[in-house]
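There are 2 protein chains.
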Amino acid sequence: MLIQMKVTELLAELGSNSPAPGGGSIAALAGALGGALTAMVCRLTVDNTKYTEVQSEVAGILAEADILSGDLAACVDADTEAFNNVMAAYKLPKMTDQEKAARSAAIQQAITHATELPLGVASSCLRVLALAVRILAIGNSNAASDAAVSGLMAHAGLHGALYNVKINLGSIKDQSVHADIQAKMARIIKEDECLHNELVAVAGKVIG
Amino acid sequence: MLIQMKVTELLAELGSNSPAPGGGSIAALAGALGGALTAMVCRLTVDNTKYTEVQSEVAGILAEADILSGDLAACVDADTEAFNNVMAAYKLPKMTDQEKAARSAAIQQAITHATELPLGVASSCLRVLALAVRILAIGNSNAASDAAVSGLMAHAGLHGALYNVKINLGSIKDQSVHADIQAKMARIIKEDECLHNELVAVAGKVIG
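Chains as they are written, first to last, in our numbering: chain B, 40 to 247; chain Y, 40 to 247.
Please keep in mind that the hints were generated in silico from the structure rather than gathered at the bench. No experiment lies behind these values; they were computed from the predicted model shown. It is possible that part of the hints are untrue.
The list treats identical chains as interchangeable, and a pair is accepted whether it falls inside one copy or across any two copies.
[Stated by the list, open to error] Subject to a maximum C-alpha distance of 30 Å in a straight line, what follows is the list of computed DSS-like cross-link-like pairs (lysine-lysine):
1. Lys-45 <-> Lys-223
2. Lys-139 <-> Lys-229
3. Lys-229 <-> Lys-45
4. Lys-89 <-> Lys-223
5. Lys-229 <-> Lys-133
6. Lys-45 <-> Lys-133
7. Lys-130 <-> Lys-244
8. Lys-244 <-> Lys-45
9. Lys-89 <-> Lys-244
10. Lys-89 <-> Lys-212
11. Lys-130 <-> Lys-89
12. Lys-139 <-> Lys-45
13. Lys-133 <-> Lys-212
14. Lys-223 <-> Lys-133
15. Lys-244 <-> Lys-212
16. Lys-89 <-> Lys-45
17. Lys-244 <-> Lys-229
18. Lys-229 <-> Lys-212
19. Lys-45 <-> Lys-212
20. Lys-244 <-> Lys-133
21. Lys-89 <-> Lys-139
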């Protein structure tokens, strides 16, 4: 498993001449790192008497950030597995008509999964970004740059995941799946833009 | 060392209630991951007969991306060490005038280093972004989303590092150091904006 590797090993594996792991896994990792940073800022805020009024809200953000970070960490390996499944489907035999049909169906199934998975990563990253914006506004101001970096990582992970959606989308033949994914992407991009603008604005006020 | 930890261990350490490691280390890690992804796209391009014309340029990008990724990975631990040194300086004794003067000098030295270090990270991330834009344009188109994610990680690492510069800058008393860092930040932000716009434009053409 990629997330059981040392960071140095992951960097070496990433930079190697094998196409997997690639950008999809790194987009998920960016989101997981962002979630962990938001969780840290929450932990530096709860039980701090300076922030008594926001305790219950911060506890809620912390619980959600921990779950999102764990989910996104699991997607690091899931994305590479999904990519490998697509490659495996393309290598299925295609001599007879029956083989061709089975191969085509397997490719469509694998590509659809490899497209929906990063779409889910983008959706989780959007949520991490929302939590980062909020903890930046109400959390421990000594950790403001950590909250800001959390949001930036989630924003980058989101767009990175969407590039992985887009590069696969062209291979999906089912037009209803196409339309559904396009609509979900459009909503995520719109909400991300608002939240990223807010992150930069709040960071400008709190950090300078 | 943080980069000798497993990814899961790093995520747990990051999310804990200790202020270090924090956003500065993660900004450097984002840049290192971006550098590794650009190196991967280079390796998937060199020796590919479809890309014969760009071999020597891609070899140059690969060599530089490998170095940048290694340098940025080293900054993951260096940033946390710089932060810990600032904390240690603040804890120095301040009973006598002599102690106060020594403590103040130690704080200024530690904070200046903790500001210049992320400025260097931002500068290296800017270079990774430039390489990512170029390899996205000329490299193996099957790895276009990887090149795009590489650029996004470098862009996020750059701005994350700059938030760490900004949060420390207010504590630096030497106005000439202030002005020098402000000027360097302004140049980096300007060049990043151009390169990020180019990344999005080229990705839009290549990926969709």
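Structure-based check of each hint:
1. For a Cα distance limit of 30 Å, the shortest separation of Lys-45 from Lys-223 qualifies neither inside one copy, at 35 Å, nor across copies, at 34 Å.
2. In this assembly of identical chains, Lys-139 and Lys-229 lie within 30 Å of each other by CA distance neither inside one copy nor across copies; the values are 40 Å within and 52 Å between.
3. Taking the shortest Cα distances, Lys-229 and Lys-45 never come within 30 Å of each other, neither inside one copy (36 Å) nor across copies (35 Å).
4. For a Cα distance limit of 30 Å, the shortest separation of Lys-89 from Lys-223 qualifies neither inside one copy, at 40 Å, nor across copies, at 35 Å.
5. For a Cα distance limit of 30 Å, the shortest separation of Lys-229 from Lys-133 qualifies neither inside one copy, at 42 Å, nor across copies, at 52 Å.
6. In the homo-oligomer, the alpha carbons of Lys-45 and Lys-133 never lie at most 30 Å apart, since the shortest distance is 40 Å inside one protomer and 41 Å across protomers.
7. Only between protomers do Lys-130 and Lys-244 lie at most 30 Å apart by alpha-carbon distance; the minimum there is 28 Å, versus 54 Å within a single protomer.
8. In this assembly of identical chains, the alpha carbons of Lys-244 and Lys-45 never lie at most 30 Å apart, being 37 Å within a copy and 36 Å across copies at closest.
9. With identical chains, the CA atoms of Lys-89 and Lys-244 are at most 30 Å apart within one copy only, with a shortest distance of 19 Å there and 50 Å across copies.
10. For a Cα distance limit of 30 Å, the shortest separation of Lys-89 from Lys-212 across copies, 27 Å, qualifies, whereas the shortest one inside one copy, 56 Å, does not.
11. Taking the shortest alpha-carbon separations for Lys-130 and Lys-89, only the inter-copy value of 21 Å comes in at or below 30 Å, while the best intra-copy value is 60 Å.
12. For a Cα distance limit of 30 Å, the shortest separation of Lys-139 from Lys-45 qualifies neither inside one copy, at 41 Å, nor across copies, at 42 Å.
13. For a Cα distance limit of 30 Å, the shortest separation of Lys-133 from Lys-212 inside one copy, 19 Å, qualifies, whereas the shortest one across copies, 71 Å, does not.
14. In the homo-oligomer, the alpha carbons of Lys-223 and Lys-133 never lie at most 30 Å apart, since the shortest distance is 34 Å inside one protomer and 58 Å across protomers.
15. Taking the closest pair of Cα atoms, Lys-244 and Lys-212 come within 30 Å of each other only across two copies (21 Å); inside a single copy the shortest separation is 47 Å, beyond that limit.
16. For a Cα distance limit of 30 Å, the shortest separation of Lys-89 from Lys-45 qualifies neither inside one copy, at 37 Å, nor across copies, at 35 Å.
17. For a Cα distance limit of 30 Å, the shortest separation of Lys-244 from Lys-229 qualifies both inside one copy, at 23 Å, and across copies, at 20 Å.
18. When the C-alpha separation of Lys-229 and Lys-212 is checked against a cutoff of 30 Å, the pair qualifies only within one copy, where the shortest distance is 26 Å, while the shortest distance between copies is 42 Å.
19. When the C-alpha separation of Lys-45 and Lys-212 is checked against a cutoff of 30 Å, the pair qualifies neither within a copy, at 39 Å, nor between copies, at 39 Å.
20. Taking the closest pair of Cα atoms, Lys-244 and Lys-133 never come within 30 Å of each other, the shortest separation being 61 Å inside a single copy and 32 Å across copies.
21. For a Cα distance limit of 30 Å, the shortest separation of Lys-89 from Lys-139 across copies, 28 Å, qualifies, whereas the shortest one inside one copy, 66 Å, does not.
The structure does not agree with the numbered hints 1, 2, 3, 4, 5, 6, 8, 12, 14, 16, 19, 20 stated previously, though it agrees with the rest.
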